[in-house]
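Peer 1: Go ahead and model the full structure; you've got the sequences and the hints to work with.
So the sequences go chain by chain: V and H. Going by this note's numbering, the first sequence opens with residue 1, and the numbers climb by one from there. Going by this note's numbering, the second sequence opens with residue 1001, and the numbers climb by one from there.
No lab work stands behind these hints, which were simulated from the structure alone. The C-beta atom is built at its ideal place from N, Cα and C for all residues, glycine as well. There's no promise every hint is true.
[What the hints assert, rightly or not] Partner residues are not named here, just some residues of chain V that face chain H (Cβ under 8 Å, in silico):
1. N55
2. I60
3. D64
4. F95
5. N99
6. E108
7. Y115
8. L116
9. A156
10. N160
So you can see what is in the structure, the chains are spelled out below.
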Amino acid sequence: MPEEKEFLVIKDIRKSFGFGDTKQDVLRGMNFTVKKGEFCVLLGPSGSGKSTLLNIIGGIDSADSGYISINGDKLEEMDEKTLTMYRRKHLGYVFQMYNLIPNLNVKENIEVGEYLSDHPLDIDELLHTLGLWDHRYKLPNQLSGGQQQRVSIGRAIVKNPDILMCDEPTGALDYNTSKEILKLIEDVNQKYGNTVIMVTHNDAIKHMADRVIRLRDGIVRHNDINIQKISAMDLDW
Amino acid sequence: MRNPLRKRVPRELLGDWHKYAVIMLFMVFMIAVVSAMYVGNDSMLKAAADGKTKYHVEDGRFELDQNADEEFLSALETGKKADLKAYLLDKAYEEAEKSATEAVDEAFAEQLKATVPEEYYETALEEAKKSDEYTKALDEAIQKAHTEAEKTVDEKYREAEKEYELNDADFTERTVSVVEHFYREESEDHDSDGKEDATIRIYKSDSDVDKACFLEGRAPKKSGEIALDRMHASNVGIEMGQTVTIGGESFKVVGLISYANYLTLHQKNTDLMFNAFEFDVGMVIPEDYDRLTSREHYNYAWFYEEEKPEGDMEKASYSSDFMKVLLTQTAVKEYEIKDYVPEYLNQAINFAPDDMKGDKTMGAILVYILIGVIAFIFAITISNTIEKEATVIGTLRASGYTKGELIRHYMTMPVIVTLIGGLIGNILGYTVFKDVVVYMYYNSYSLPAYVTVWSFEALLKTTLIPLILMLVINLCVIVKKLKLSPLRFLRRDLSKSRRTKARRLPKWSFMNRFRLRIIGQNLPNYLVLFIGIILIEVMLCFAIGFPESLNNYSRKAPDMLFAKYQYMLMGMEDKDGNPLETSVKGAEKFSCTSLLKKNENHDESITVYGVSKDSAYINIDDAIGEEEVFLSSAFAEKYGLKKGDSLKLAEKYENQSYEFKVAGIFEYDGGVAVFMPNRNFNSIFNHEENSYNGFFSNEKITDIDEKYIANVMTKKDITKVTDQLQHSMGGFMSMFEYVLFILAIILIYLLSKIIIEKNENQISMSKILGFRNGEIGSLYIMSTTWLVVIFTLLGSVIGYGLISEVFVIFMQSMDGWFTFYISTSGFVKMILFILAGYGIVTIADFIRIRRIPMDEALKNVD
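Peer 2: Set out below in structure tokens:
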């Protein structure tokens, strides 16, 4: 398959921090591609560069060299304004911490995402999908961690992004809640067909992905296609 | 779809309502006061400006020593200068002819006396006068005298020409109309206890110029009725219908007025301050006026007939032209000009409007400074919010929110608060507060009735400019804060410097080092607090020090008199040409005149004393040269002059100036004055030897007829300035003190609240670790206490220094002098005000610290 036809292309991405003696190469020439609608998991231990890579893909960090192209658009060629507009139109973010706005209720927090999109999803339907319909008027501090993460996913997904970027979305959650959240992301991926890039250090999650990219020491060690995916609810760790 | 973030704004407002209520109340109050000042001022200024036409206000006035004849007035009205040279020549010829004839007659008489027997002498003299010899001698003598006279006149005229700039090429003839506007100055006894309470200047009620606005009652219609100044009446407690004694006669008050040319009751144009207590103006019917006995002042008002001058420059040029006409015409008529005041220099007309304009500027500056402080408080609050919400901002930015959207979001609150403050403030300004301002002005000035006018300036200066100020200050801070990348927000990596090592602290106790760290973390807050406290201290220094300075001056006033009585005479001789003398023991002659010290912005009238040798009242070295003078300490202090410096003083109505060298400083704070031996005085001002025009005496002088006494200066004359200032501003100042006290509380409350809120997590964590509320309070409150105490002490010193300097500049812009004074107790009060305010805030802070729950730290761990 020619490279250009891939939805997301990561080409020879390098990134280092610090200078001189303290210089540390975090990404040392990353190369892989992701197809549209794929559920891709970036797996690796702490310090393997997976969050840095996700940030570069999301356009909130830049690479020292190499390029990233999403649907043919090269992020390196975009200035700050264009990048912001790019993120606005095409990307959704979910972080380990939910980062909700404390004085907006559930629905309003999701509206924060809706506002950014020209073709947002129906909020009420989404609230049902997220299982938050009954909580829609609650403030974040009245919700459990799992519920807050659902809101954060809702906020990311409501604008119907091309790519949903998830950075350790279950990192702060317990086992059951984590599975529920993973199920939700899986459902969203299937229902809305967004490409999902998820960073995790949880090896078990690889089983629910279409593509598993294993990172270590700043390079791709394995790039596997998962032929026999299992559902999030069937995962165990 | 509208940005959903905007829904946060009302919740934020409600959630932190007490903070915003305090800010809003403060802004509303400030804006209301200043807006009211503008509305009140503009309305008053319009009333005063309109009054000039409505009440036919003069373009100027002059006073002569006698009632001028029609011929003189008509000559003045043509706007043409008199031919001074021809007049001088005619006069000189006449005198020359007279003295030449007398000389020739005398010579002939002597000759005849020696040769002709006494019985034929008269006939011989008559015969001789018919002789050719006599005619020839007389012709020769007259011719010689004429030549002499021409020479003298030439010289005299050249001098006059130079002095009065009679040949000024820019001179333009301007026709004027001159109207009699005579007045008498009578004693006013408003409580009819037989003692004089004030001087009242009485005009005729039928005058067509400089008319009055009746604020209450009507004009006198019949004998025994009077209308007098409303301000004076209110000050001294005269009421409508009351009977007052004027010049020994009883009058019933039928009207309270504001004369359009006496918006402030300045008795003399050179008075440092108006005096609405001891000076009054009023009107009675012409018959009553004629019955009054005091000396009539031959005062005339003039009006430019063709075009009216616009602006002070043009007015000055018109006045200068008229002055030349007046000088030459009075010279040829041998009238003496006693006073000359063009409208644009008339304090009684211009002081109030100028002062009101000044108030507006001061008010606006005050608002801008305070809005600036509030804007910084907002900026700090927002800056803290941004830090607190860093990860949310990071997420929003990562999701595609633009910087602009977030900047607008964070700007909404200060803008809304300012707009609401501006709106409510302006509404209050136009209603309740305007009445207060108007009341305040009516309490100070004799203003005419007014109609409220819409002031665009008020809206601009109290809403638009504060809004811009708020926008700019907050925009700078927010833009700078939001410049960071989304990633840095997500990582909470917001500090500019990437310091990895902690600052080393002195080896103090743990608690003190902790406090030092708190100070270090909150430097921007403390900086705003510092500026705020300095600002309040500066204003407090003024509010406390100004009345104290007035009191101090009043207290010292008795020492400021050279003698218990200082008599100024009308002239040196009585009507029969006998010198005015007194037998009162200890009475001492002196001379006095006034000269101008010309300064860049303000020409000041300087009193010049000629002191008798070995004076018992003014002890100066009598042996100094003619070019040397002693300065009063007030003079030296005001203009920073010292022994050996030179100074230039000029005649008021002549182009003549004098250079003096400072021989020394004479300790006298009662006025800006110059002293010289009377001998020098008479020589410099071309007076006859031993001339004088006043007496110093510790006993009342009773053997000089009152009509020869121009005025008597007593303690009251010295304190009238301070008395009036005390009355006009005293109440306002004590109100101002309380406003400042509240302002101090608000400022410290807001800033210390921010500091505690910023440290909520740490405080909560300290509680978890086992620190008691008292200990935490002592950590967080004590560090602020240290700084508040230091700032207050520094602020009081800075405030004093600044106000003292400003006071000098302020006093230099007006006549007279008194120094800024603040007592030790005043200083203590300045400091205590802030500390007491802080004390109250401390209680609120402690309650706030106690209320911070322990789970705060756990809830907010990211």
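Peer 1: Look at each hint and say if it fits the structure.
Peer 2: Going through the hints against the structure:
1. N55: Holds, about 6 Å.
2. I60: Where the cut-off is 8 Å and the nearest Cβ of chain H is about 4 Å from I60/V, the hint holds.
3. D64: violated (15 Å)
4. F95: With a closest approach of 6 Å, the F95/V hint holds.
5. N99: holds (4 Å)
6. E108: Hint on E108/V: holds, closest Cβ of chain H at ~5 Å, below 8 Å.
7. Y115: Holds - the Cβ of Y115/V comes within 8 Å of chain H, reaching about 5 Å at its closest.
8. L116: Interface hint status for L116/V: holds (5 Å vs cutoff 8 Å).
9. A156: holds (7 Å)
10. N160: Given a least distance of 13 Å, the restraint on N160/V is violated.
Checked against the numbered hints listed earlier, the structure breaks hints 3 and 10; every other hint is satisfied.
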